[in-house]
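S.K.: Sequence:
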Amino acid sequence: AGDVPEQAPDMVASATFETPDAPTGQLPSDILDRRPDVAARSWLVNARAARLKSLKADLLPRFAIHFLGQNGHIELGALPGYGGTGGLVGLSASMPLFNAGRLQASVKAGDAELEAALANYDQAMLSALEEVESAYGFRAGLDERLAGLIRTSDMARRRADQLAILYDAGRTQLGDVLQARLDALSDEDKMEQTRIAQGTATVQLYRALGGGW
144 AGDVPEQAPD MVASATFETP DAPTGQLPSD ILDRRPDVAA RSWLVNARAA
194 RLKSLKADLL PRFAIHFLGQ NGHIELGALP GYGGTGGLVG LSASMPLFNA
244 GRLQASVKAG DAELEAALAN YDQAMLSALE EVESAYGFRA GLDERLAGLI
294 RTSDMARRRA DQLAILYDAG RTQLGDVLQA RLDALSDEDK MEQTRIAQGT
344 ATVQLYRALG GGW
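Position one of the sequence shown corresponds to residue 144 (this note's numbering), numbered consecutively onward.
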């Protein structure tokens, strides 16, 4: 037997959820080693290279991932042979983004398996970077949309308040006031839906960066 409605406790609104910010600045490339697809191929390269006594150079690239703010693109820093500034999505997997002489070293060592392991690692790393940029661009687009909706919602709410004042003064009709309130509620609903999508995009982005596997 529960409380009758008159005795039921007041419902307390839950705290507003704040979506974490997208990454800014730069992150080291080895953050992607948390991804199982990249980690598995990295292990194969290192295991194969360990069998070659004469091959001492570090075969796996190390570079910085630069997040460029609101344009939704990333850049790679400190990576020999790469000078891209327009984003990674759509790049051919055959581009020698990570070779930097190490494939030549493996050929000299006469090890076809190492060469294949390096090629597979490059493919996994490039795919990971494309996923990061795609998720980052999606989040950036939602950030921009939310900012616009906040401005629109504020204007709609002010208009509804102004029409309510005019109605109280007998200078407008009730229908105008109700329509303005409906418009304001519609904008608020769009804001909340965008915040939900923003949260989903953030989860996708941090998962692409190797978290939550």
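Source of the hints: derived by calculation from the structure; they are not laboratory data.
One or more hints might be untrue.
Here are the simulated distance ranges between beta carbons [what the hints assert, rightly or not]:
#1 GLU256 with ALA290: 47 to 57 Å
#2 TRP186 with VAL346: 20 to 30 Å
#3 LEU325 with TRP186: 20 to 30 Å
The structure presented is a predicted model; accordingly, all values stated were derived computationally and were not measured.
Ideal Cβ positions, reconstructed from N, Cα and C, are used throughout, including at glycine.
S.K.: Confirm or reject each hint.
M.R.: Hint by hint, here is what the structure shows:
1. GLU256 with ALA290: 47 to 57 Å: holds (51 Å)
2. TRP186 with VAL346: 20 to 30 Å: At 27 Å between Cβs, range holds.
3. LEU325 with TRP186: 20 to 30 Å: violated (58 Å)
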